[in-house]
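K.L.:
Here's the letter readout for the chains.
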Amino acid sequence: MLLFDLENLQKHYGRFEAIKGITLQIEEGSIGLLGPNGAGKSTLIKTLLGLLDFSRGSAQVLGYRLPDEKLKIRQAIGYMPENDCYLPYMSAIDYVSFGGQLAGMPRAEAFRRAHEVLYYVGLNEARYRKLSGFSTGMKQRVKLAQALVHGPRLVFLDEPTNGLDPKGRDEMLDLINDVKSRGVNIVLSSHLLADVERVCEKVIMMNQGEIVHAGEIEALKDDGKNVFEVSTKTQNKELKALLEEQGLDVLEEGLKLKITLPSDDNGQLILETAREHDIQLRHFMHAELTLEAAFLGIINKHSHAEAEI
Amino acid sequence: MAIHEQNYVRYEGDLVDRGAAFNIAWTSFRVFLSFTRTKLLLLALWLLPIGGIIAVFIEYSVRNSQLGAMADAGGSAPGGGPMAVFIQMQIFSLAILYASSGCGVISDDLRYRTFQLYFSKPLEKYEYALGKFGGLFFLGSLVTLLPALFVGGLRLAFYARTDFVGDLMLQSLSGLGILTGGTLVMSAMLMGLSSLTAHTRYVVLSWLGVIMVPILLSIIVSIAAEGTDAANLWSMTGNLWLVSQKLLTEDEVTVPLIAPLGILLGLGGAGVGMVARRISRLEGVA
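Residue numbers (the working numbering), protein chains in the order written: chain A, 75 to 383; chain B, 111 to 396.
In case anyone wonders, no lab produced these hints; they're calculated from the structure. Keep in mind the model is a prediction, meaning the values are calculated, not measured. Keep in mind that the hints are not guaranteed to be accurate.
With a straight-line cut-off of 30 Å between C-alpha atoms, the simulated BS3-like cross-links for lysine-lysine are [unchecked claim]:
#1 A:Lys314 <-> A:Lys375
#2 A:Lys307 <-> A:Lys330
#3 B:Lys149 <-> A:Lys144
#4 A:Lys146 <-> A:Lys94
#5 A:Lys375 <-> A:Lys307
#6 A:Lys146 <-> A:Lys213
#7 A:Lys213 <-> A:Lys115
#8 A:Lys254 <-> A:Lys241
#9 A:Lys115 <-> A:Lys241
#10 A:Lys115 <-> A:Lys144
#11 A:Lys204 <-> B:Lys235
#12 A:Lys146 <-> A:Lys115
#13 A:Lys375 <-> A:Lys115
#14 A:Lys213 <-> B:Lys235
#15 A:Lys115 <-> B:Lys235
#16 A:Lys330 <-> A:Lys241
#17 A:Lys204 <-> A:Lys254
#18 A:Lys204 <-> B:Lys149
#19 B:Lys356 <-> A:Lys213
#20 B:Lys235 <-> A:Lys94
#21 A:Lys94 <-> A:Lys115
#22 B:Lys235 <-> A:Lys146
#23 A:Lys144 <-> A:Lys94
#24 A:Lys330 <-> A:Lys314
Cβ-to-Cβ under 10 Å is the rule here; a few derived chain B residues that face chain A [to be verified]:
#25 Glu122
#26 Arg271
#27 Thr272
#28 Asp273
For each residue, glycine too, the CB sits at the ideal point set by N, CA and C.
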């Protein structure tokens, strides 16, 4: 079963193209949705939820066709928005149970399930408390509970670890992983690449309304690239410019440079360049390509290509 | 370990496509009732209907001995004047209750971005509007329809054994109809105002303005025009007064019934229009 089957999906706001003809088939599983601000992630999520009408193309979610079957899609999915979306004077149990009823559950069943799901997310003790008194972590959990209460096949999670301390973040990711392990498909939109890496097997990267990469995270990190991590005494920028002149991909990560070399090069090119220009290296080692580095590399490459056009 | 030991089990039961509007209405109603101010105000506002009910008892005790004689002598049924006054009192109670508890009906959803919850569920926009309207109507009914049913029912019961029962049935039903119409119109107006802003306090102010300013205008016009009935057309409560006078009493009212009815329908329509406009612009609320 395909989670998404998109064919030349476009969304315009006047002359602005928020989504520029996306074609994509994604199988079931857990998917990270990545992209810089304004990349079109939120627009894509809204379009897939049937909240936005697309301008051109066709889209299917879980086999249901948009926009005709948008209500069926919303019944089959759960959505955890990034920001707060609750009346603070409601109790957690009422909120979650109401979410279940809106999804189409009978009232008594929704109430019973709300207890179960709140227990599952660790809010059993707080279920009768007003939401206004909840901490950020509890609010995130209650939002997750309302997304899960009706047993969705797919859950959209928009920045689920936003505002959480490291312990809360760890717990939330544990929870999401547990949900995933029980056969629920996950789409995780996050700025924190480490979160995506921990939860998802696949990733969709967006930039300027286009999909710049879609596929397995592991394949992305290990696609035959030969990456070296280098730092100099004071000449990082100079070395970067010299290596880029030779057609190499160079990423600046803090005080280090991540340089992608041809697969048969064992770093000789970097060493020779540094020696020729009298640049003193302080750090030189073979590095694993992180998701972050891969992401930045792809986004940079795409942005440069767009600029050239 | 963060995850509770209880396993997550997916819900595999039936999901139905209907009843979303009623669920929203019922939940909204329960939320309104959960406010302490609503409970206290309802207690205070119910003093008026209780007074009405006591008045029915007094009327009965005074007339009880005369009832048979009145009916035998072909006397006329009690007039609808008290019912008209009762309707006015309850409409004012409704305005106060709405000012206290109902103004956030949509503005709170705008403020707290609850639309994201609603529209990520299988819900049409009209179902949301209908549900919110229903919740407000249920709340309003507590000070309009419910007391009217009590008072009207009691009056009917007391005159049940006389020939007046038919006339009183008509009075009670007319009163109920006017209060239903009034509650519908006022609910639509409040929904409209509430959909204009995310600040509930502004809704409260505008609601009080919508009720009070026309009453003042109506008084000014009435003074200037030496108490003409047409002065009542300036205010919503005045229009309801004109309708109740026309339908419940035999007093001569110089304004045709269609005028206040048209104005009330127009006000309700304006409220519905404002809500429709807001909701049609809710594209992509997530």
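K.L.:
State for each hint whether it applies.
P.N.:
Hints and how they fare:
no.	hint	verdict
1	A:Lys314 <-> A:Lys375	holds, 15 Å
2	A:Lys307 <-> A:Lys330	holds, 11 Å
3	B:Lys149 <-> A:Lys144	violated, 40 Å
4	A:Lys146 <-> A:Lys94	holds, 26 Å
5	A:Lys375 <-> A:Lys307	holds, 27 Å
6	A:Lys146 <-> A:Lys213	holds, 27 Å
7	A:Lys213 <-> A:Lys115	holds, 23 Å
8	A:Lys254 <-> A:Lys241	holds, 20 Å
9	A:Lys115 <-> A:Lys241	holds, 27 Å
10	A:Lys115 <-> A:Lys144	holds, 19 Å
11	A:Lys204 <-> B:Lys235	holds, 27 Å
12	A:Lys146 <-> A:Lys115	holds, 22 Å
13	A:Lys375 <-> A:Lys115	holds, 19 Å
14	A:Lys213 <-> B:Lys235	holds, 26 Å
15	A:Lys115 <-> B:Lys235	holds, 24 Å
16	A:Lys330 <-> A:Lys241	holds, 29 Å
17	A:Lys204 <-> A:Lys254	holds, 29 Å
18	A:Lys204 <-> B:Lys149	holds, 18 Å
19	B:Lys356 <-> A:Lys213	violated, 55 Å
20	B:Lys235 <-> A:Lys94	holds, 28 Å
21	A:Lys94 <-> A:Lys115	holds, 12 Å
22	B:Lys235 <-> A:Lys146	holds, 15 Å
23	A:Lys144 <-> A:Lys94	holds, 21 Å
24	A:Lys330 <-> A:Lys314	holds, 10 Å
25	Glu122	holds, 6 Å
26	Arg271	violated, 44 Å
27	Thr272	violated, 45 Å
28	Asp273	violated, 47 Å
When the structure is compared with the earlier hints, violations turn up for hints 3, 19, 26, 27, 28 and for no others.
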